[in-house]
Amino acid sequence: MSPIVLILIAIGLGVAGWLAGRAKAWSFQTGGDSQRPVARPTYHAWYVAVWILIPVLAFVVMWSFVAPQLVTQSVLASPAAANLPAFGFERESWLSEARAVANGSAPGVFNDGAEGLIEPFREAQGRYSIVGYVLTVLIAFAGGAFAYMRVGPRFQARTKVERTVMVILLLASLVAILTTFGIFASLVFETVRFFSMVSPVDFLFGTFWGPDPMSNPNNPDGSRYGAIPLFWGTIFIGAIIAMIVAIPLGLMSAIYLTQYADPKLRTWIKPALEILAGVPTVVYGYFAALTVAPAIRDAAVAVGFDSASTESALAAGVVMGVMIIPFVSSMADDSIAAVPSAMRDGSYAMGATKSETIRKVLFPAALPGIVAGVMLAVSRAIGETMIVVMAASTAANLSANPLERMTTVTVQIVKMLTGEGSFDHPATLSAFALGFVLFLVTLALNFIALRVVKRFREAYE
Amino acid sequence: MTLIHEKIERDKNAKMIARDVSVYYGSKKAIDEVSIDISPNYVTAFIGPSGCGKSTFLRCFNRMNDTIPVAKVTGHIELEGEDIHSDAMDVVQLRARVGMVFQKPNPFPKSIYDNIAYGPKIHGLGEKKADLDVIVERSLTRAGLWEEVKDRLEDSGTALSGGQQQRLCIARAIAVDPEVILMDEPASALDPIATAKIEELIDELSGRYAIVIVTHSMQQAARVSQRTAFFHLGKMVEYGPTSDIFTNPIEERTKDYITGRYG
Chain G
1 MSPIVLILIA IGLGVAGWLA GRAKAWSFQT GGDSQRPVAR PTYHAWYVAV
51 WILIPVLAFV VMWSFVAPQL VTQSVLASPA AANLPAFGFE RESWLSEARA
101 VANGSAPGVF NDGAEGLIEP FREAQGRYSI VGYVLTVLIA FAGGAFAYMR
151 VGPRFQARTK VERTVMVILL LASLVAILTT FGIFASLVFE TVRFFSMVSP
201 VDFLFGTFWG PDPMSNPNNP DGSRYGAIPL FWGTIFIGAI IAMIVAIPLG
251 LMSAIYLTQY ADPKLRTWIK PALEILAGVP TVVYGYFAAL TVAPAIRDAA
301 VAVGFDSAST ESALAAGVVM GVMIIPFVSS MADDSIAAVP SAMRDGSYAM
351 GATKSETIRK VLFPAALPGI VAGVMLAVSR AIGETMIVVM AASTAANLSA
401 NPLERMTTVT VQIVKMLTGE GSFDHPATLS AFALGFVLFL VTLALNFIAL
451 RVVKRFREAY E
Chain L
1001 MTLIHEKIER DKNAKMIARD VSVYYGSKKA IDEVSIDISP NYVTAFIGPS
1051 GCGKSTFLRC FNRMNDTIPV AKVTGHIELE GEDIHSDAMD VVQLRARVGM
1101 VFQKPNPFPK SIYDNIAYGP KIHGLGEKKA DLDVIVERSL TRAGLWEEVK
1151 DRLEDSGTAL SGGQQQRLCI ARAIAVDPEV ILMDEPASAL DPIATAKIEE
1201 LIDELSGRYA IVIVTHSMQQ AARVSQRTAF FHLGKMVEYG PTSDIFTNPI
1251 EERTKDYITG RYG
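Taken in sequence, the protein lines are chains G and L. For the record, in the first sequence the residue sitting at position 383 is 383 according to our numbering, with numbers rising by one throughout. Adding 1000 to a residue's 1-based position in the second sequence gives its number in our numbering.
Please note that a few of the clues may not be correct.
Calculated lysine to any residue pairs in the SDA-like style (CA-CA distance at most 25 Å, straight line) [claimed, not checked]:
1) K360(G) x M386(G)
2) K1128(L) x V339(G)
3) K354(G) x L1125(L)
4) K354(G) x V1091(L)
It should be emphasised that the hints constitute simulated quantities derived from the structure, not laboratory data.
Pulled out of the complex, with its shape left as it was, chain L reads as follows:
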């Protein structure tokens, strides 16, 4: 059962497409046959009440559910026409192309420099120190952190403030030059000022990367995204242009959620 909003035609150059994806935790079905197209040009927001499966669904796109022994994913997901579950697709390569930022900032207990250089090093993007220097500066600049940390790149990443740590994690994800960035409630652990900076950053990055963001804040979805999918009880209820979802939803449940009747 697929409820694609009629105002969105099938995106021919979709970056990622998911078809009939279900996720089981043991015998519990967390996601029930969801299909969606992720456009390269937009920020896509997944909204819905807690426990609706939006984070679980997000983790399907870079196969992070593989790390959970009891989780089982069925259905079909493509990145640029390639099946991400096929034998030809190396999960390590997939994750280099589909980066992820987590709910709680999780910089490694290494220096700021090494946090950024970690990905490029393991993927062989910068063999020489000079190459890495360029990548580190570029990534931090794009994440809007360069000016704040350029004089203390050798300090531990964990010594930064929460908002800076989260931008460091975004810089870390950018450093391997991904095509898609998945963000799992990236601002939920931050104060309003840091949140505003992250939202600004998402806006700046949106032209360059396909961004999918899970958020429980409807205001945030309205501010940063161009496409919104509403999830409820493991199903995708409605998907469409953000402005339509918020002002003129088709489904009754979406309207109830948006207007705060539940969730």
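One chain only, chain G, in its complex shape:
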């Protein structure tokens, strides 16, 4: 018995129900009833189909979990199961081998003892698959009959179908939200494990980062888990250097595109700029590591900074800034374009020049949207991984010199998770704590940004 067959049966019955519902609805539609029916036949048809499909699909999902267990139980109850080892790994492997042969997914058993179980498995599977088919058809008919009885000239099939559509859409959006919660929960779980080994105070306020995956996992040295250098590196590269590049360039390109560019030119430049957003970050990573970083090092050495590194924070930050330009530019573009043209006309009519109008009227009015765009860009930059993995260093340095090596939270997450430590070693678990902090920070930034955007929208409505 496979769920695919059940679903096909369900769809077949659904179609049948659809046709039956429509036929019944047509009969009173054309039956000379003096009152107009409240819903068109298609709605009655969908109503019947929904009442068949949804219970059946719910049953199939449930059955696909329940049926294998029922099969196993019935096999265990059979006389052949008396020879099974009492418990443990061997017993499980006998059962799964016999199940695999019975399913036809394995040619034969490895343990001879499992041979006798194949037949009971076949027999139980056959029995329960018939039960499954029968229940499916029964449920389909019960649902279909219930709905079919209700179909009538005064029945509000249209509103019922409308409500079903709403519920389906709601479920779809819940999936995304529940996934977020799931991610959060798994992070929290591992983070709590980490903090049971290393004190949060050491982690959040310590200034030395150097977890040793080879150390004794039961007695971690809290002073090696100070994440301040990582937070600093992340902020310095993602929120300071990258933004020094991205904000002016993004804003200026947005102003040019909205206010100065010829509409024809705009249709070319805007997509070209947006291509930047589509470049995979790993490609930016190459660019940063192979082109920008050596160039910056050479330039720094040429002006006398002999200590300049090829893995400088500056290289990673600059390339990340370039990557962020389209985000800043497109948010700024939207919010400048959203300023009512009456503002612009009002300023021109006062005798203001174009740049005066932009500086004194458009820019202040668009500022909340621009700020929100910048915050979203920052939250993206600090969560960005590939560029920094390729171009930044893994050395945790607490320094304000952009030519020095620096590392970020995301780089260390990658390093710790791909490192040689065992999975339950605090060095590995520290990746989750870092991820958790990063998650909270980006969540807060996005939240604030959305609030700002919302207030900004209200201002002109």
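Fit chain L to the given chain G structure using the hints.
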């Protein structure tokens, strides 16, 4: 083709004159060879059915049509004898001398004070805060708004009521001391009480500034203006003293419009 009402002789000291002005939106002709003299001493009203081009024509006088890429203006317009399209005339200066008030109140999302101070600042009329204070108070007083807002000059201009916002926009236009004020249906978005205040204000300002007002309300034109031009299908049909246009129009189309037969 020019249809100047015979009862108006050519105004020798006209503030602005337009000769054979046409406006094209792409290939569509929105205004067809209109000529008119704007007197400094009167309120001039442009009336006509929707889409007749009266607003488009109004926007020629401060070259606001320049901001519309597809619009093209031909013909000759003078402000005090200077060609407003000549190279010597800076459009920024022109707009300081010919102010404009729009159909929908459009105060900047700044404080009331900054709304008024905006123009004087960009044109360098008040370098010191004290000078600006004087200009702000004078402009708001002339616009009849001073008493209502003097205690909350730092509040946002957008927080005012619609009628107050429109008077704020008029105050803003006055602040740069223009010679002409163009008003594009200034009361059409307002309720009757606010409208009455705006009309009263237009009356008070009329001695000091040359005012041109576009309106779709004939009653409003009759109440506030001394000269009326009737536009239809991009042409100026008739121009003359308001009382004559309303009581004794020469053109049949004007009469039909005035009596409500169409439009």
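These are the hints, each one checked on the structure:
1. K360(G) x M386(G): Violated: K360(G) and M386(G) sit about 39 Å apart, past 25 Å.
2. K1128(L) x V339(G): The hint is violated at about 30 Å.
3. K354(G) x L1125(L): Holds - the C-alpha atoms of L1125(L) and K354(G) are around 19 Å apart, at most 25 Å.
4. K354(G) x V1091(L): 11 Å, holds
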